[in-house]
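Novice: If you want the building blocks of each chain, they are given just below.
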Amino acid sequence: MKTVYLTRKAEFSASHFYHNPKFTPEENRRIFGKCNNPHGHGHNYTLEVTVRGPVNEQSGFVMDLKQLKDIMNREVIDVLDHRHLNYEIPEFKEQIPTTENLAIAIWRRLQGKLDGGARLYRVRVYENDDLFAEVYGEE
Amino acid sequence: MKAYLTRRYKFSASHRLHSESMSEQENRKVYGKCNNPYGHGHNYVMEVTVSGTPAPETGMICNLADLDGFVNTEILDQYHDDNLNCMEQFRQKVPTTENLCVELHRVLQEKFSAAKIERVRIQETMMNSFEYAGENSV
Chain A
368 MKTVYLTRKA EFSASHFYHN PKFTPEENRR IFGKCNNPHG HGHNYTLEVT
418 VRGPVNEQSG FVMDLKQLKD IMNREVIDVL DHRHLNYEIP EFKEQIPTTE
468 NLAIAIWRRL QGKLDGGARL YRVRVYENDD LFAEVYGEE
Chain B
169 MKAYLTRRYK FSASHRLHSE SMSEQENRKV YGKCNNPYGH GHNYVMEVTV
219 SGTPAPETGM ICNLADLDGF VNTEILDQYH DDNLNCMEQF RQKVPTTENL
269 CVELHRVLQE KFSAAKIERV RIQETMMNSF EYAGENSV
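Residue numbers (this note's numbering), protein chains in the order written: chain A, 368 to 506; chain B, 169 to 306.
What the hints contain is simulated information worked out from the structure, not anything from laboratory work.
C-beta atoms are modelled at their ideal positions from N, C-alpha and C, and glycine is treated no differently.
Any given hint could turn out to be false.
Computed cross-link-like contacts, DMTMM-like style, restricted to lysine to aspartate or glutamate with a CA-CA straight-line distance of at most 25 Å [claimed, not checked]:
| id | chain 1 | residue 1 | chain 2 | residue 2 |
| --- | --- | --- | --- | --- |
| 1 | A | Lys376 | B | Glu215 |
| 2 | B | Lys284 | A | Glu494 |
| 3 | B | Lys284 | B | Asp245 |
| 4 | B | Lys178 | A | Asp496 |
| 5 | B | Lys170 | A | Glu442 |
| 6 | B | Lys170 | A | Glu506 |
Label pairs and their in silico Cβ distance ranges [stated by the list, open to error]:
| id | chain 1 | residue 1 | chain 2 | residue 2 | range |
| --- | --- | --- | --- | --- | --- |
| 7 | A | Glu455 | B | Gly209 | 46 to 56 Å |
| 8 | A | Pro392 | B | Asn251 | 40 to 50 Å |
| 9 | B | Asp245 | A | Asn404 | 24 to 34 Å |
| 10 | B | Lys197 | A | Gln434 | 46 to 56 Å |
| 11 | B | Lys170 | A | Arg397 | 19 to 29 Å |
| 12 | A | Pro421 | B | Glu303 | 25 to 35 Å |
| 13 | A | Gln434 | B | Gln260 | 52 to 62 Å |
| 14 | B | Asp250 | A | His406 | 39 to 49 Å |
| 15 | A | Gln478 | B | Ala282 | 25 to 35 Å |
| 16 | A | Gln425 | B | Glu303 | 42 to 52 Å |
| 17 | B | Val270 | A | Tyr488 | 21 to 31 Å |
| 18 | A | Val371 | B | Glu303 | 23 to 33 Å |
| 19 | A | Val371 | B | Met294 | 20 to 30 Å |
Please build the complete structure, drawing on both the sequences and the hints.
Specialist: Encoded structure:
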């Protein structure tokens, strides 16, 4: 059986800032720079979710794209879009909402949610055109 | 969980593909237009990928400011608006984008200690790109 990879893209906009209460104000400014601005700032994030699996002989699909889109919307986009990551998303009550941690949080939200033969392969999050983080679920 | 972070940088440089180990005719045959004796240039796009588990206190694989600072000083300041053929590292090597990838991967691997260097990808034009992830990569 041939394995094929399928990637679906989605966008969401959210605000955040980087601040660790265990650091002094000076340390926070030194380590996080502009991202430490307490009023926050925002990004138009682009999410790419890649699933992999055998091509179903009857449908010709690795996975129904509409189903993948619905899962991404329900588990990720509806939750994160037009939100403040620090104040409104439980994962970031204790963690800094860096692009790395955002990719990990999105992986965990999607993991186990796919039906059928397809498996989650990669989550890639673009903060902007020049920066992205990705995870493959390696612990 | 292990994460990968990729940062994109841009620089422009000129080069000429010409190998001393081949005749003029062979050079023209192998390198075509790229063998033009006066050289030509590209707007290169370089992607550097680092990997690791984000540190709990910062959420970062490494501080992006450190990576940017390193790449600016050690790579962009040296390569931007320069001629690759005139650089010491390409005196004995043809400055193809394959060799450029390997060279920039070496600089990062040897001198940037804040995170594991996973891969260097260089786009020479919109139509072609090259990647190097070290000798033991699949």
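Novice: Compare the structure with each hint and give your call.
Specialist: Here is what the structure says about each hint:
Taken as a hint, the Lys376/A and Glu215/B pair is honoured in the structure, with Cα atoms around 20 Å apart against an allowance of 25 Å. The hinted pair formed by Lys284/B and Glu494/A meets the criterion: a straight-line CA distance of about 21 Å does not exceed 25 Å. Using a Cα cut-off of 25 Å, the hinted pair Lys284/B and Asp245/B holds, with the two alpha carbons roughly 22 Å apart. The hinted pair formed by Lys178/B and Asp496/A meets the criterion: a straight-line CA distance of about 12 Å does not exceed 25 Å.
The straight-line distance between the Cα atoms of Lys170/B and Glu442/A is roughly 21 Å, inside the 25 Å bound, and the hint therefore holds. Proximity of Lys170/B to Glu506/A is assessed by CA-CA distance (about 6 Å); at most 25 Å being required, the pair is judged to hold. Distance hint for Glu455/A and Gly209/B: a CB-CB separation of about 48 Å, consistent with the stated range 46 to 56 Å. Evaluation of the 40 to 50 Å hint for Pro392/A and Asn251/B yields a pass: the beta carbon distance comes to about 47 Å.
In this structure, Asp245/B and Asn404/A meet the distance hint of 24 to 34 Å, their C-beta atoms being roughly 28 Å apart. Taking 46 to 56 Å as the suggested C-beta distance range, the pair Lys197/B and Gln434/A conforms, at roughly 53 Å. With their beta carbons about 27 Å apart, Lys170/B and Arg397/A fall inside the hinted range of 19 to 29 Å. Taken as a hint, the range 25 to 35 Å holds for the pair Pro421/A and Glu303/B, whose Cβ atoms sit roughly 33 Å apart.
Under the hint 52 to 62 Å, the C-beta atoms of Gln434/A and Gln260/B, about 55 Å apart, fit the expected range. Between Asp250/B and His406/A the CB atoms are about 41 Å apart, so this pair conforms to the stated range of 39 to 49 Å. Checked against the hint of 25 to 35 Å, the pair Gln478/A and Ala282/B passes, with Cβ atoms roughly 29 Å apart. Look at Gln425/A against Glu303/B: about 44 Å separates their beta carbons, and that is inside 42 to 52 Å.
Between Val270/B and Tyr488/A the beta carbons are some 28 Å apart, a value that agrees with the proposed interval 21 to 31 Å. At roughly 29 Å, the beta carbons of Val371/A and Glu303/B sit within the given window of 23 to 33 Å. Roughly 26 Å separates the CB atoms of Val371/A and Met294/B, a value that falls within the hinted 20 to 30 Å.
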